[in-house]
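Enquirer: Since the structure of chain A is provided, determine the placement of chain B on it from the hints.
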Amino acid sequence: MLYRPKADTIRRRWQNNSHICFFTKPESNLCWVKCTKRIACNKQLHDLQHGQEGMLVWVLFLLCQGVAPALTQDLCQRDAPNGYKVRISLKTALGEDAYEWNQSEMFFFRATMAFAMRRHFQMETYNVDNIILCVQTSRVSFWFVVTSPDNATMLIPKADVEKAVRMARHRINNAFLLSDRTLEFLGIHPTLAAPVNPDTPPWLIVFGVVIGAVCAGIIALLVSSLLQKRRKEKGMTEDGQDEEDMQVKGVENGINLDGTYNRGFTDDDRFTKL
Amino acid sequence: MPEEGMEDNKGREERPKWNNKAEYLLTCIGFAVGVGNVWRFPYLCQIYGGGAFLIPYLIALVFQGLPLLYLELAIGQRLRMGSIGVWNSISPYLGGVGVASMVVSFCVSLFYNTIVAWVLWYLFNSFQDPLPWSQCPLNHNNTGYVKECVESTPVNYFWYRQTLNITPNMETSGSLQWWLVVSLATAWSIIYICFIRGIETIGKAVYVTATFPYLVLTIFLVRALTLPGSSEGLIYLFTPDVSPLSNPQVWLDAATQIFFSLSVAFGGLISFSSYNSQKNNCERDAVLVGVINSATSIYASIPIFAILGFKAHTNYVTCLNGNILALTNEFDISDMNITVENYEQWFDSLNGTHPSRVSDLNLKTCDLQTFLDQSASGTGLAFIVFTEAVISMPGSQVWAVLFFIMLFSLGLSSMFGNLEGILTPLHDLKLVPKWMPNELFTAIICLVLFLMALIFCLGSGNYWLEIFNSYVGSVPFLIIAFFEIIAVAYIYGIGRFSDDLEFMTGHRPNIFWKVCWLVISPLMLFVVLVAYVAVQAQTHPTYAAWNPDYVNFPDTEVLPYPDWVFAICVLLSSVPVISIPLVAIYRLICCMSGRHSKGSLHNDPNPYANEGYVVES
Chain A
1 MLYRPKADTI RRRWQNNSHI CFFTKPESNL CWVKCTKRIA CNKQLHDLQH
51 GQEGMLVWVL FLLCQGVAPA LTQDLCQRDA PNGYKVRISL KTALGEDAYE
101 WNQSEMFFFR ATMAFAMRRH FQMETYNVDN IILCVQTSRV SFWFVVTSPD
151 NATMLIPKAD VEKAVRMARH RINNAFLLSD RTLEFLGIHP TLAAPVNPDT
201 PPWLIVFGVV IGAVCAGIIA LLVSSLLQKR RKEKGMTEDG QDEEDMQVKG
251 VENGINLDGT YNRGFTDDDR FTKL
Chain B
275 MPEEGMEDNK GREERPKWNN KAEYLLTCIG FAVGVGNVWR FPYLCQIYGG
325 GAFLIPYLIA LVFQGLPLLY LELAIGQRLR MGSIGVWNSI SPYLGGVGVA
375 SMVVSFCVSL FYNTIVAWVL WYLFNSFQDP LPWSQCPLNH NNTGYVKECV
425 ESTPVNYFWY RQTLNITPNM ETSGSLQWWL VVSLATAWSI IYICFIRGIE
475 TIGKAVYVTA TFPYLVLTIF LVRALTLPGS SEGLIYLFTP DVSPLSNPQV
525 WLDAATQIFF SLSVAFGGLI SFSSYNSQKN NCERDAVLVG VINSATSIYA
575 SIPIFAILGF KAHTNYVTCL NGNILALTNE FDISDMNITV ENYEQWFDSL
625 NGTHPSRVSD LNLKTCDLQT FLDQSASGTG LAFIVFTEAV ISMPGSQVWA
675 VLFFIMLFSL GLSSMFGNLE GILTPLHDLK LVPKWMPNEL FTAIICLVLF
725 LMALIFCLGS GNYWLEIFNS YVGSVPFLII AFFEIIAVAY IYGIGRFSDD
775 LEFMTGHRPN IFWKVCWLVI SPLMLFVVLV AYVAVQAQTH PTYAAWNPDY
825 VNFPDTEVLP YPDWVFAICV LLSSVPVISI PLVAIYRLIC CMSGRHSKGS
875 LHNDPNPYAN EGYVVES
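Read top to bottom, the protein sequences are chains A and B. Under the working numbering, think of the first position of the first sequence as 1, with each following residue one higher. Under the working numbering, think of the first position of the second sequence as 275, with each following residue one higher.
Wrong hints could be hidden among the right ones.
[As the list claims (entries may be wrong)] Covered stretches of chain A (chain B as the covering partner; in silico rule of three or more C-beta atoms under 8 Å from a C-beta of chain B): (1) 84-92; (2) 130-140; (3) 206-212; (4) 219-225.
Read the hints as simulated data drawn from the structure, not as lab findings. Even for Gly, the Cβ is constructed at its ideal location relative to N, Cα and C.
Only chain A is shown next, with the shape it has when bound in the complex (with noise of 0.2 Å):
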C-alpha cells in the first residue's frame, strides 16, 4: 500500500525490517512511500514529527523523481550486489588541510561518477542523478549504485562500473586531491604503476665511473713507475763512483749506521806511503 506524504513533511528517512518510508521536501517531486502497514506509518510520521528519534539514520536526503521513488531505496542498499563501497581517509591524505565531508562533496562524487560512466559510455548521457549514494557513516565511507539514463530502475551492472572507474580513476583521485589509497573502491584494485626501466641501470654508470678511474690510475702509476725505472737505470750508470763514495762514508744502502766510521778496517795504503 502506497501512502502519499503531506507537502510539508520533514526530511527524513527512515527503515526497519517490516516497511520503508521516505518523506521529502516539497520542493523536490513529492515522493512516494511504500509501507506494509497504514497504522504503522502514521504512527512513526507522527513520532518523527514530535522528534522521537527511534531507530532513525539521519543521512542526506537523496532527490528522488519519477514515477517509483522508493525503488531508489531497494537498488542502493549495503552489500548491493551492482554497488561499490566507497571509503574516504581526508586526514590521512591532506592532515591539516583536509577538507569537511559535507552535501556539496557529495554531490560532486555523483557528478564525478557520472563523468566517468559518460567517459567510459560515450553514446549515453549519465546524469548526477543516476548516481545513488547510501549508507553514509562518519568514516567516511558509502555505498552507490548506478542507473541507467533511460531507465531508473535498472541498475548498470558492477563489470561496467568497475571499467568505468578504472579508466577515469587518475581524474576521480585528484578531483578529490586524494590517492588511490585515501580513495579506495572496495572491490577494485588500484592498477600497479609500471616500473620506470632506464635503458642502462643506474648502477652500471657508476660502476663506469669508478672502474674508468681505477684503470685510468693504474696505467698512470705503472706508466710513472716505468718511466721513473728508466731515468733511475740512465742515473746509475753515470753515477756509479757516487755509490761507492757512499758506502765509504758509512751510508749504507740509505741507512745510516750507528756509530762513527772505525778507521781501523779501511784500506789505509793511501795513508801509510813512506
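Expert: Chain B in isolation, oriented as in the chain A frame:
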C-alpha cells in the same frame, strides 16, 4: 748488529720503509679496525647484556689482545722480515707458523674481498631514486608484485634474489652472477691500484680509508640522535645486565672477538712493522692500536644502535597503524580518531563491546621490545636491517651512500693487511724471479685471488662464504697465535726478547708484559681454543638456507651440511695449520740426517751474528 733483510749485498733493492710514523700507525689501525667492529661488536653487546659485556671484553683486551699485538709488532720490527722469515729466524722448527699465517691470509683474502664486492654492489645501487630495496618489483604481466618479495620483505628480496640470486641449498651451485663478478673485479682492481707501489701507495691510501669511517660514524651519530626512537635503542644497548656474565659462552665470545678484531696471526702486522726503523717505540704503538680498535668498536655501536632503535620504533608504529586502519575500517570510525597514543583505550573499549568482531580482524600484537630484540650481525645487519632503516630516513640515498662508503673503507683497509700477509713472505722467500717487477707480481697474485674468489659469485656462493668465515677465520688463527706466543716466550726466550725490546724501545718490558707473555696469554689462548672447538663439536653443523618453496618461508630453512661439504670444512680448518707440524718434522729429518737445510733464510737464530766479522782464512 741488526740483521738486514736485503735482497743482495749490493743493496740495489733496499727494504721499503714508511714515509712517516702516521702512515704506519694509520695502516695498522686500518687493518685492525674492520667491518667486524661495526657489525659484530654491537650485536655481541646487545645479546650479552649491554654495557656489562664491556667487562669481559676489556679484560680480554688487556690480558690477551695487547700482549699479542705488542709481540707481533716487536718481532716484525726487530727481525725486519715477513711472517715466514721471522718464524724461521726464531726457530727453524717453527717455520711452519709463518707458512700457516700466509695460507690463512690467502684464504681470508678470498672471502673478505667478496664482502667488499657486495658492499660495492650496494654502493652502486644507492645512486637511484627510489632505492631498489624499498619496493617490490612487478611480476611478468604487471598484475602484482613478485610473490617471493611479497611473502618476505623488499629488503630481503633485494639481498637474496637480486644480489646473491641464492640457490635453495648448497648442493645446487647455480651459475655465475655476472653483476657480482663485475663488482668483484672492481674490488680487486681498487686493491691492486693501492698496492702497486707497495707501502708507498698504501701509505697514501690509508690517509683516507682509515679516517673516513670515523667521519661517517660521527655524521650518523648526529643524524641518528635526532631520529625518533633512537633513545630507546641506546637505552636498550647500554643498560647493563650482569646476569649473562655467568655464562662461559660470553667470555668465549669476548675473547674471540678481541682476537679476530685485532687481526693478529695474519702476518700482516709483522709485515707492516718490518718496514719500520728498528729504533721505534713499538710498545706505545701496540697499546695505541689496541686501545683505538676497542674504542672504535664502542664508538661505532652508538650510532648503530640509535639507528636500530629508530628502525624498531618505525616498525612498531607501522604495526600499530595497520591495526588502527583495520579497526577504523571495521567499525567505520572517523578517520584519524584512533591514533597511536589513544590506541589502547580504543582497543579496550571496542574489544569490550564487540569482542567477536575484533578477534576476527586478527590484529597483530605490536610490542616495541620485540622489535628491539630483532637483532642481526654480519651481512644481515648491513644489508638487511640497516638498509631497511635507511629507507625510512629522509634523504635515504645520501645515508645509504655514506654507509656503504664507510663499510668499503673499513673493508679496504683490512684487505691491505690481508694481502700484505701474503706478499711480504713471498718476497722474503725469494720466490719472486728477479726479472719480474713488483707491480707484475702483485698483479698476478691479485688475478689469482680474483679467479679463485669467483666461487663466491655462484648461486650458492653465500653458503660457501659462511663456511670459509666459520672454519678458516677462526680455529686456525687461535692455533697460530698460540704457537706464536709459545715460540717467542719459551723457544726464543723471554730474556733475549727483553734484550731486543730494550734495544728498540730503550727500556726493558715491565712485569705485566712478561707475566702475560709467559703465563696469562698462552693459558687464555689455550682455554679459548679448547672451549671453541668443544662448542663447535657439540652442535651438528647446519646452515640457514633461503628457500622460497619452504613451508615456513620467509623463515630460513635450517639444513645440515652434506658430507662432502663437511669434509671440506674440516680440511679448511686443518690444512692451514698442518704446515706447523710438517715443517717441524721436515727440519727434524734434515737435521738428523746431517744435511744443512737449503734456503736463503738464516738458520742462525742469533740476531747478533754479523757476517761482516767472519774470519777469513
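Enquirer: None of the hints should be skipped; say for each whether it holds.
Expert: Right, here's what the structure says about each hint:
1. Figure legend: the stretch 84-92 of chain A, annotated as covered by chain B; annotation consistent (6 residues with Cβ-Cβ distances under 8 Å, at least 3 required).
2. For the stretch 130-140 of chain A, the stated coverage by chain B holds: 4 residues have a C-beta nearer than 8 Å to a C-beta of that chain, and at least 3 were required.
3. Counting residues of the stretch 206-212 of chain A whose beta carbon lies closer than 8 Å to any beta carbon of chain B gives 4, which meets the minimum of three for the stated coverage.
4. Against chain B, the stretch 219-225 of chain A contributes 3 residues with a C-beta closer than 8 Å to a partner C-beta. That satisfies the three-residue criterion, and the hint holds.
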